[in-house]
Amino acid sequence: MTTEPSPVPESIPAAVYQSQRVVTIEQRPLAEPTPAQVVVEVSHCGICGSDLHLIDEGWGQSGDVLGHEWSGIVRSVGDAAVAFKPGDRVIGVDSPTCGVCAACVAKKPSQCEDREPTTGHFDGAFATHVLADATTLLHIPDGLGLREAALAEPLAVALHAITRSGIEQGNSAIVFGAGPIGALIAAVLIRDGHQVTVVEPAEQRQELARGLGATAVMRPEDLPSFDMSQVDTLAENAVHVVFECSGRRNAMESGFQQLRRGGVLVLVGTGIDRPRFDPNRMILLELTVCGAFIYDADGFETALELLRSGSLRTDLLIDQAEYDLTGVAEAVDKLVRGEHSGKVMITPGGVRE
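Add 2 to a position in the sequence shown, counting from 1, and you land on the number used in my numbering.
No lab work stands behind these hints: they were computed from the structure.
It should be emphasised that the depicted structure is a prediction, and the values quoted were computed from it without experimental measurement.
Glycine is no exception: its CB is placed at the ideal position from the N, C-alpha and C atoms.
Among the clues, some could well be false.
[As the list claims (entries may be wrong)] Listed next, with one range per pair, are the computed distances between beta-carbon atoms:
1. Glu341 with Gly60: 16 to 26 angstroms
2. Gln22 with Thr217: 15 to 25 angstroms
3. Arg23 with Pro226: 33 to 43 angstroms
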């Protein structure tokens, strides 16, 4: 499936981070693509949790254009970018890996030995167009819409967390946090037949979890907890795997206590407050705590096919609200205040299927 090409402008509007909670619209020059580059008109770009931190908490660098969860339509290609042509529908798959170290060669990009910093100056897709290396693009398969395809990046993150967990058929799981990543993890696990409990304080996201088919939905305060002296006491409904997606210290510590013997705690959400885990409990119950960062080697391809299959409730996972470039700051504010449950999309221009 292709869409008719349109002219490429010399300059484009972009939502530019200035300072904490201050985002302005600026006109930015759009360079001609080099032989290996492609100009893409952005259709949809999801707001990531990292975008929230950068904008709401002031972690960004002035002049940044954020946004890395995007889909769009090719408008111009360099002479060497032979895999693409104007009108092709694509997603961005840029990652901070080097591609040549031992880990990358072993198809473990998440453990790249020379990866780029996860923060720094960059131009993202909160703009009407992006200039991208052809190697950082993938074709969107027929039968999958541009809006749904923009969910591929966070879904790839969720799939990698599941890979890291080693969860097996018949295993039970708890997911802490029903934000976009947690909801995607829960959705995939439920699709695969696992019993999944979702722990979430916000009512809107509790409803999202129920809509996805969670076995149970709980508030954090409803979970059992144990003091340090109860090192081998198990929670009544202890599970094989816990996915912690909120980045909150109390959730990490509570998740650790919900594991059965031999259980695995996967830390997906990042936070500043560092948790305390009892090593004696870890030893006696043979527990594992691991992290999950970015993607599997084939994560984006798998995500696109999973989205194309229609087996995930994208009608719930993607919020019905959409914002144009002028609404980026408003969207971030509403997300921080818990007014949206699913992935919120920015629609920078007039691209439609």
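Status of each hint after checking the structure:
For the pair glutamate 341 and glycine 60, the supplied restraint of 16 to 26 angstroms holds, since their beta-carbon distance comes to about 21 angstroms. Against the hinted window of 15 to 25 angstroms, the Cβ-Cβ separation of glutamine 22 and threonine 217 comes to about 40 angstroms, which falls outside the hint. Separated by about 38 angstroms at the C-beta atoms, arginine 23 and proline 226 satisfy the suggested range of 33 to 43 angstroms.
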